[in-house]
Every structure is written in C-alpha cells, then in structure tokens.
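Student: Chain residues, written in single-letter form:
There are 4 protein chains.
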Amino acid sequence: MNRSYKNQVSKEVMHVGEMASGAKLTVPVYRFNATNSRGSSEQNSPIPNVYIQANMHGAEVQGNAVIYQLLELLGNLHLHADITLVPYANPVGCNHKNGEYTLGRFDPITGVNWNRMYHNNPQLVEQAVAELSGQDDYAIEQGFKALLLQDINNQLDHNIFGLTTGQRIAYQLQKLAHQADIVLDLHTGPISSKHLYCPEYARASASYFNIEHTLLIPNAFDGALDESTFCPWWDLTNALEASGRQVNFNKESFTVELGSQEQIDLDVALTDAKSILCYLQHKGVVTGETFIPDQMTRYACYLKDYKAFYAPMGGMVDYLAEFGKPLKAGEPLARILRMDNYGDGDALHYISLDHEVLPILHFASASVNQGTELYKVFSDFFTL
Amino acid sequence: MNRSYKNQVSKEVMHVGEMASGAKLTVPVYRFNATNSRGSSEQNSPIPNVYIQANMHGAEVQGNAVIYQLLELLGNLHLHADITLVPYANPVGCNHKNGEYTLGRFDPITGVNWNRMYHNNPQLVEQAVAELSGQDDYAIEQGFKALLLQDINNQLDHNIFGLTTGQRIAYQLQKLAHQADIVLDLHTGPISSKHLYCPEYARASASYFNIEHTLLIPNAFDGALDESTFCPWWDLTNALEASGRQVNFNKESFTVELGSQEQIDLDVALTDAKSILCYLQHKGVVTGETFIPDQMTRYACYLKDYKAFYAPMGGMVDYLAEFGKPLKAGEPLARILRMDNYGDGDALHYISLDHEVLPILHFASASVNQGTELYKVFSDFFTL
Amino acid sequence: MNRSYKNQVSKEVMHVGEMASGAKLTVPVYRFNATNSRGSSEQNSPIPNVYIQANMHGAEVQGNAVIYQLLELLGNLHLHADITLVPYANPVGCNHKNGEYTLGRFDPITGVNWNRMYHNNPQLVEQAVAELSGQDDYAIEQGFKALLLQDINNQLDHNIFGLTTGQRIAYQLQKLAHQADIVLDLHTGPISSKHLYCPEYARASASYFNIEHTLLIPNAFDGALDESTFCPWWDLTNALEASGRQVNFNKESFTVELGSQEQIDLDVALTDAKSILCYLQHKGVVTGETFIPDQMTRYACYLKDYKAFYAPMGGMVDYLAEFGKPLKAGEPLARILRMDNYGDGDALHYISLDHEVLPILHFASASVNQGTELYKVFSDFFTL
Amino acid sequence: MNRSYKNQVSKEVMHVGEMASGAKLTVPVYRFNATNSRGSSEQNSPIPNVYIQANMHGAEVQGNAVIYQLLELLGNLHLHADITLVPYANPVGCNHKNGEYTLGRFDPITGVNWNRMYHNNPQLVEQAVAELSGQDDYAIEQGFKALLLQDINNQLDHNIFGLTTGQRIAYQLQKLAHQADIVLDLHTGPISSKHLYCPEYARASASYFNIEHTLLIPNAFDGALDESTFCPWWDLTNALEASGRQVNFNKESFTVELGSQEQIDLDVALTDAKSILCYLQHKGVVTGETFIPDQMTRYACYLKDYKAFYAPMGGMVDYLAEFGKPLKAGEPLARILRMDNYGDGDALHYISLDHEVLPILHFASASVNQGTELYKVFSDFFTL
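Chains as they are written, first to last, in this note's numbering: chain A, 1 to 384; chain B, 1001 to 1384; chain C, 2001 to 2384; chain D, 3001 to 3384.
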C-alpha cells in the first residue's frame, strides 16, 4: 500500500435527541476532506461527496466494524471526494436491550421501524422544475440540493407540534446524506446472506460490490434512507425528461446488507470495507490502491419478487435451505418441530414452495408463531 | 326492566393462530339471535346484524367489561338484530407482558400496530359496479357483502407465501365484521377521555353515545377495523352515485375509545354498555327498555385536525391540562421536570401551544424522551 | 418563611457506567453544606451527613420531584448537616422503555432487581471489633465508616472478573450513602399507598413522616440500599453489646414509598418534601421553619407479616379494596373477569381472604396471569 | 438396531397455569413404561424412574429436539425403567417474544429466573431421620420420597396467599421429578459449548456423556431443578451418615447444557440423544443397542471456580476465544470496538485475563454494556 497519503479524519459529535433523564443522544460523525482538495487536476470541477452510515437498526452492528476498517484504509488512499462516515447512527436502538438481545428494528414505544421515518416531499420536484429548469445542469443540481436541505431544516425546526423521536434522529442524518452524491446505508439481515438494495437505474454499479445478491428497487418512497436520497433525484430526472431534457445527476444510494445481526467480526469487516472501496474506486472517489471486484455469480431480483414466506404453523424451526443457492420446487426450506403433536399428529413438518426460489435470509430464532416471517427469498431471479 | 325476554347467548371458540409451542390462539365469540327472529312484524325484511369486539390492543381491556355488561343486559331486551360480541379479540396482545404492563399496540416481533392489519381491496367496488349495478338495492348489498366475504376468505386460504400473525387474526375478525351492518370496535386511549371515531357520513349517530368527543373520519383506508368495514361501502356508494344512482346501505362502523388502558371497572362498564344500547336503540336494534342519551356538550373535530403534540425535550412530565375542557392559547399542557439541569439551567419547563385546543388524551407514563407523543388534542373543534 | 438563609447547592456529575455505544451513564449529585458549617455552637461536634436518592427503579419517578422540592426548600433553611441528594439514581432503568411504560424493577438483560445489588460484608464487623473495640465511641464510628468505604472501593476497583452493570451503579451510590448518618431511598409502589420501610430499632422516627403505613424491618441483608447501610451498624452495635458495650451510632436508613409509579405530581411532591423535612427537623438536621407531623392513625406491620397475595387465576381485575383501610375477612379484595367462561362457567370471581388485612398496594395492570402478585397487604398490623 | 421392541409412549397434557385471557398453560408429558415391566428377571426389584425435561428457559429450545430423538429411539430399546419426558416445560417462557428473540431466562413481569423457583424444605430431612431411621434402606427411600411429594403437594394446594406464576409451573414439574431416580434438565447456554452440571458425588457418571466440560456442584440449594432433586437426598445421606449409617440412594440429577440457544438442529439432537442414552445405559436403564462414550479430554471445574467475566467497558464485541480450549494468560478473550473513541482514544481494546482459563460460553449479542456478562470460564480446571 502506498503510505504517502496521510488524510486526517476529523470528528464531530452530533446531538440528535434526549432521553427522559435528560441524557443526550449523540452520534459521532467522521469526515475526510478530499486529498489536495484544491489540487490542479480537479480545480475546475466540484468535489463530490460520499455519505456512509451504520447501525440505524439497533442489532445491525457489523456496519460499525466496516466503518472502522474504512477509517483505517481511507487515511492512506488518495481521496477525490469529501467522505462522511457515521457509525452508531441510532443511539436509542443501539443501546436498547430486551433480554440479552438488542431490540432491532423499531422504536420500542411506538413500534415504528427506525428505517421508515425519513422524509420525502414530492412538491420540491415541482418547485425545482418551475424555478430551475431554465438553468444549466450544474445549477439545477445545486439548486435542488439546496431545496432538499432547506426542506429538511424546515421539518426539524419549524413544526409547532414537534417531531417523533425517530424523525428527529432520521432527519438529522438525512441532512448529512442530502449533501452527498453517493449514499451507503449499512445494515444486516437477521440471519442472512449479504445482499444489496440498488435502485434500478444503478444496476451497473452493483457488480463492483463483492455481494452476490442484488435487489432492484423501483422509484417508490417507503421511508428508508436510500429511497429518501435517490427518489427525489429520480423524480427530478423524470420530470425534466418529460419536458424534453436529459440530465444525469449521477446520484447513487444503496442499502448494503452485510450478513447477520448481533455480530461483530473485524476480519470480515475488512473484507467488506474493501468491497465498498472497490465500488468507490469505480466511481472515481479513491485511487492509490487497486481494488478489483471478485468473480462471482451475481443474482438479481426485482423488489416485487422479493417475498417473505410466513410460517404456516407455530413451532420450532430447523432451518434447512442454504442462502444464495437456488432451491428447487418441493425441496425443503425448513422442518418444523411440533412436540405437542408427538404421538397424536405429525411432530415434524417439512416446508417447501411450489417453484424455485433463492433464499436470502431467515428469522433470527428457532421459535416461531404461526405467521412469523420465516424466510425471505428471491422468488424470481436472474444473473446481473 | 322488563324481564319477559330471555334471549339465549351462544358461544363458539374461534381458532385464530398458534404459538411456538403449538398453543392454540383462540377467541371467544358470543352470539344472540334476534328475538322471535321470524316473527310477524319483521318477516319481510332481513334481520340486521351487529358486530362488537374488544381488546384488539392488548392493554385496552375495558371493552371486555363492557361486553360483559352488554351480555348481561341484552338477554332481557327485545332484539331486532343478530348480535355478535367478541371480547379478547387479540390473544397475542392480550397476554403479552413486558414488565408489569401489557404490550399494547403492536406485534412485539414486527412492531406493526395490531389495528393496522385489516384488509381492503378497492377492486371489489369496480367488480360490484360492473356485475351488480343493474340489480335492486338489496341485491347489490347482498352481492357486495358476498364479494367482501369471498375476498377475505381468499386472503385467508389461498396465499402460498402465507399471512403474518396479525393478518391471520385480523382477517378472521373481519370475516365476522363483514357480515354486520353495524360494527363497534371497543378501544381505549393510554390515559384518556372517552372519544368516538365516526365516519363523516354518520355524524348524526354520534349524539346517541354518551361520549363527549367525536372524531370525524374521511373515506381513507389506513388498516383499522372501522375503516375496513365502512370504506368499501362508502366507495361503493360513491361509485354508484357517480353513475347517477343514490343508495343508502345504512352501514355504520365506529371505534369507541372508552377511556384509559390497563384498567377494568365493571361499574363504569355498565354505564358504557348503556351508552352503546342507547345508540343501538336509535338504530332499531333493541327495544324493551328506554335508553336516553345524556345531555352534554359534544365536541367534534375532523381527523386532519386531530394533532399529536410531541415532547420538545426529554424529561419527567407533570400532565396539567384536563381532558375535554378547551385549553386557551398559552395555558400549560404540562410542565416537564429536568432535574439534570437544576442549578445550571431550567429544571422546570412549562409547555403550551399558540392556539386553543381540546386535550383528549396523554401519554401513559411520566417519563418521556424528546419526541414522545405527549398529548393528542383537537386543534380545531366545534360542537356537534 | 425565613428568607435570611441562602444555602448554595453544588452539582457534580457522577459517571456510573457505559452503554454499548460508549454513551456515558451519569447521575447528577447535588450537595448542600451545613449552614455556617464551622459556626460557634457546633464547632466541637462533627457535622452529620444526610443522603437522599430517588428513581433506582426506572418507573418510580416521583422521588425526583420530591428532590426538586427539597432543593427549593433547603436553600432557605438553617442546615446543621451536609446533605447529598441524587435524583435519577439509575440511568439505565430511568431511560428503559418497553412500549409506553418504563421497565421498572430489574436489569432488562439479567432480570436482577436494581435494588438487590448493594453490597454487605459481614467480616467488616469482626474486623472492627478486633481492631477498634478499645477506642472511644467516636473513633469506632469513624473507623468503621472508613472500613465500609474502603471495602466498597475495593469492590469497585479490584475485581479481575469485574462487576455487573447494576453492581457498578449500586456500589457508587453506596459510597455516597456510607458517608451519611441518615439515608433516605425514595421509591414508589406500582399502584400504591404511601408507606415506609423502617428498621425495627428506628420505629420512633416513623411517626415524624406523614406516612400512614410503616413496615418494620429486621436485621437481615437482602441487597437493598436501606439494609446495606443500616445492617452493618446494627451488626456492629450487636457485636459490641455482646462484648458488654452499649453504643448508639444513631444511623437511620429508610426506604420511602411515595405512592404510585409512572407519575410526576409536583404539588404532591411539595407535601412529601415537607414530610421529609419534618423528619429531618426531628433529627436536628434543619431549623428555621417549623414542620409538624400530621395527625393520623399510623399502622405498622413486621416484614414477616407483609404478604403478597398472588392471583389464584388468570383474568382481568377490577381492584376493589381501598388502600389504608382495614379490610374485614371475607370482604372482596378484587373481582376477576373471565369473559372466556361467560355462559359455561363463572365469568366473575370475587377474591377475598379469611382474615382481616390492610391493603397497601396492588399490581399496575388489570391483566394478570395466574400467580401474578395481585395485592400486598399487612396481614397482621397494629398502630404505632 | 434391534427392532423387536416396540414400546408404546403415552401422552398426557398437564395444566400448569392460566394467562390473563384465561388461556390455559399446558405442558405435554410423555411416558414410557419399562419393557415387560413385571417380567421375570426384574420382578423382585422396584422399577426405577427417569425424568427428562427441556426448555424451562424460553430460548433454550434444542432440548425439545433431543427429546424428539429420544422418543424415536426409546421405542426400540429394552427399557428397564419408567421414563417421563417433558418438552416445552415452560409455556410462558417458550412463547414469550421481545422483538425477534425469545425472552429466555426470567419471568418478564418479575425478573425472577425460571430455573430458580423450585422448592426445597430442609426440615423434611430432620423429619425423615426422626421417623424413618429405624427402617431398612428401601423403606427410608420410599418414605422420604413420599415426604417430598407430600410437601410439594402442600405447597401447590394449601397456601392461602397463593404461588407465583413460576412457582406454580416449577412445582408441578418438580412433582414429576421427585418420583424419579435420575433427573436430566436440558438447557443451553447463550452462545456456548456443551457442558454438564454434575453433583460432586456423581462425577464418575459425567464420563458417560459425550460432553467435554463438567461443572462439579456442591450440596447447596439455589433454586434450580437439579439441586431441588439431589440436595434433599444428599442432605439425607449426610444426616444418616452422621448417625453412623451409610446409605447410597443412587439418585443422580444433571443439568445438561446442549450448546447455544435460539437454535434447533435435529441432526445434532440425534447425537445428543445418543449421548444421553449412553449415560442411561451405564445406569442400567436401557439395553438393546450399545452406546459407547466418545473418547475425548473431559475437563472439570468446581462451581466456585466457574467465573463470569463482566465487560470492563461498554462496546461492540468481537468474541475471539474459542470454547473448550485452554486460553493462556494474556491471550485475548475478545476485542471491543469503541467507534465513539476513534481518533481521540482507543477504538479497539483487547481483553484478557492474568491466568489460564477455559472459555465455556459467551454473551448472545455483540452489543454489551459495561458490566454485561461477557464470558463464563473455568478459571481453575482439571481433567476428569
């Protein structure tokens, strides 16, 4: 590795809320500026901006380890972008225990999923088209970015009835993300393979990650960070195209699912950090070391074909289907033990589907109620 | 009371799910048939049907006591309708403890609100208009009711990926509710006044309940039982009206909020049962005793003006505003204690709004995070 | 009120632990020094020390409001002791939500009651008798206090296997409490009357609190703060007495149960603060205003006769027995609704006991499993 | 396998409690009678009795799968004992979800560990010595067993203040266990190696299980099932020995820790079932197939040397130490990531001990507070 670069990371502590005792909820924000950020070769183009966050869901901690490894690696690369990294993005979720485990996915008071609280305002696209369409591409981009930031600031500061705990956290993170051209939100599944949520228009980029499974996401906002940052630009692109103008704003946002929750593995994190650098190198963000994507069969699936399979009965599950290998029709996903039926019914039930699927993740516990989400599968898939 | 009627109640146990151990989740279903249900004066008109359920949210138990008192009272009235009553509607929520309290509002695994899982299929209205519009009003009603029931049966039985735990419970309750003309879903707030969710078109009926506060609900489906039973009929009415035909299907669905959660009071329940009988008498469902609505100022508010006020800071709350009394602009809703600030900041903060509101309910605990829903208020209100 | 005193309160933030994100767990510590603490009339006697804490159990928040009112009042009194006040004593419990409520009584990871983690080392008494018994009373007191503090410091700092989360919090609070002569630990019941845990030897002091119910506690350590501070001195007194020496160390520790949990009421807190000042005035700690204990019948009960009554069946409870009024044999404590039995069993069960009791508190929720602690009662009681 | 035996299993459903909705809490009880139970070769000696239960802690489900495999295997063996098998022993814990995981170890209302609620009455030993010591060994055994059963029945049925939910479950299981000569309580650790809790006097039996780690338990009752069944007999043996009489009652009770919680693996369960049969064959309970214990180094440790190591800081843990391999002084147990310290402190901390230990299990989640139980280790160990 070329050790001649020595990028300095700066750290800021962002205050995102308060608990009942008055304890401050804070999030650490790390920043690298582009190396030689006003150097000769780049002086006429704007410096791009990258935003990477982790651990919005409390139990999904491995992204913090990936950010650790990124911080270690980025210091010694040539950076052509400003890069912001936010581990421990959700200080409520991160510290919320119920029994030994971390309450993962939702606000324990309201039940709302922490990654469904971001903000989208479709009226901004109308406003941008009305106000900015006479200007050049760069001015439109800058103007729309300013509208997005102003809008999220309005939400944070000018609401007499206030914001929910989760909105207050999410909107402050979104303020950072709206300043970026590339957004990576690091998550994990429960017990899971690695997979990537990728907007349909960015599918060419998916092959630069060392991730075998890609979900292709349409332009529909459902509250997640990736959507909240790509949908506005996609809408704007469409609106301009409808008026006869082609603009490529070159914004990409991904949710990167790093594997299973409740686990930290710093060695695997190094591998995943290099996978992210491989993508960032492809986007021209880093140079100085060469990252080459692994050879692998990359499977893809449209979001509409990403299916949850709910347990057809309560019981104790021996999960059988391996992740990332097509499972033929009729082959068992799982067998469910029902000791209460032993002797006067079937104590063991094999569960299968009527068509081939690609299992991606399964529930975190062997104990399931009837209707618990047992597996998520690509029910129709193809190679990228 | 006229003791000459002796209606028999029948009981059925409905199986709505299974836990990990195989334990059956069951719901008791009580039924009265109309008195002399084929008697001379009613023989040419169909017997109407009433559906009343309670305790879909685990902590909201008082509706069970109201159903107890209704069962006691209905036995001695003349019934002009078949009446189905379902206490303990949600056997998961009902028995789910976290610490001393009952986890109220959502599936503890997924965070989804138990009363946001009902089903609505807008395509059925199109189908009904296409298939039934040539027929008489009664045939349209019977035909559409059949479509609703067939659709909910399809959801329950013909989905290869299955249903969530909550959908399986909700859809089976909805099957019972779709057979009814009048639906009452008995809930409570956290710490709360009594209030009524009433579809806008049924506002005249609100005055027959002894409930001072009415929320007027538009025709928008958000997953709740009341909406799932009135929206289809409202849509159908609108669709027929668009084709020039006026039909009044006379369907009414209400969510009745009985006060505070985590409490059983059988004496108050008797009062509330009589309030419901007052409404049912107005609808011609019961005779034999005279129930007269109480004189009271009944306030109403459109759903869009029913506002949650989120805590502007974390702290410990002394709730000051009384329910059901207009609170002038600037008068305190609450004062928030912040002992951590004592001596070097303000330890006591008074919270108020910039316009008059009518406080309806507040959070169940004194301890709140920044962003916890502190109060819900009618922010614009009028008398019915 | 005599406004001539203006005692200054100082504030310190004590660091008691860390969460997974690294967030510091802190506790605010407020201190008053004795007024004119080296004034003429007191210069030859040591300044006594008072320790008051609140909110060790997360849901029991009213003590914070009482400390707020004490801070407001103590500033204007003549203080003859140094006084330390610690609200929000348990930053984990204080901020731990499960649904809307605060997880009250135990570490959510381990289940251990937060008020059963204090430390007691019976060997210190042996050591004190061996090392100190030749000295005068004051030297014994000072020497034993030093042993207690050294021992708790050893626990905190010299354990290669570490301490549990709760021990680390408790021991740091106990360090403060061991420096005091008077210890008040402010708690609440679930839904509860006011009552006082009082060591048997200090029963004369109980009448200075405006609290109608007193539990008399024997010399047995079970992990609570009051016991951890009075048992060592009681043991030492007994050990000295066994060797023929009578010493009164004049140490008193109480657990003060302020009423119900999950509630803040600043007006009631003012009343309770004055009740505490009445006791402190009796002990010579404050002068400058006269606090007179209320006239009331004060009931007492030995701890062995303080009985939990467990629900004999699952069901939904209408709590009937009032607190603080003797309940005759056979009179109902509660009636339990069992809607699942309606029609084919008893839907309503009245629960009573075979002898007179004094109900003190009941469970926080109407929903109980078979075996839930329904009521706690004085099963044998007398007037103080 | 010799298929000539065809033992019939019988099933009974035991009612152990009720939830708030009235839902019955039940436990399935499976029984085999000894093959040819009154056959010639055994007719003069009493039929011994074996009791095996699983899943007292909600998340520890693998024992159910082991019982499934035992039921499959026992049908085809020659049984020289009556065998009772109870899966899903705790219907509250088994079905209690908080988020995706099963609340494992304690009553969610009270925090009391489900395996610390069994009953022990030391007075029975005194009574037995007084009443039975003149009789022969067999009569003493039968008499003492009768006393144990009568006492547990008294606890269940004759307590005017009732029992807790957990006691009611535990005591009914204990009634079954007190009828047995051999008791196996199947548990798991959080993330764990296999290990065995074995009373010190039965250490010779530990080598018949295919379990590498044995904890030797002294004669001290702490509320667990194994203790509740071996302590009374150990006490009685000691009491008789003190009076000069040697009796070997040949009672053995073990807690078998099968590995990690939240997992079902039916293949591993078959292996573990055979390990149990290997022990039961050694005790003369089964014949008909030969089970030979695996060759392995079996490590043992006295309970006093089984140490929990508590996290010295909050953070996210990369668990490094492997189970079952001695870890030298100074070698890392784990490394703890503290992203909040990156740049201005140590982001990565290696944790080690100052002497050699044998790691047995670690915490279930990577996220730990300061003071969370990180690892449990044999801190002083030897080979069996």
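It is worth saying that the hints were derived from the structure and are not from the lab. Among the hints, erroneous ones may be present.
Stated by the list, open to error - In silico BS3-like cross-links for lysine-lysine, where the CA-CA straight-line distance does not exceed 27 angstroms: (1) A:K307 <-> B:K1274; (2) C:K2011 <-> A:K24; (3) C:K2283 <-> C:K2011; (4) B:K1274 <-> B:K1006; (5) A:K175 <-> A:K24; (6) D:K3325 <-> D:K3307; (7) D:K3175 <-> B:K1024; (8) B:K1024 <-> D:K3307; (9) B:K1011 <-> D:K3145; (10) D:K3024 <-> B:K1175; (11) D:K3011 <-> C:K2307; (12) A:K175 <-> B:K1024; (13) A:K11 <-> C:K2024; (14) D:K3011 <-> C:K2175; (15) C:K2175 <-> C:K2011; (16) C:K2274 <-> A:K24; (17) C:K2175 <-> A:K24; (18) D:K3024 <-> D:K3175; (19) D:K3175 <-> D:K3145; (20) C:K2274 <-> C:K2328; (21) A:K175 <-> C:K2283; (22) B:K1024 <-> D:K3274.
The structure presented is a predicted model; accordingly, all values stated were derived computationally and were not measured.
Student: Okay, which hints does this one fail, numbers in order?
Tutor: The structure breaks hints 1, 8, 9, 11, 12, 14, 16, 20, 21, 22; every other hint is satisfied.
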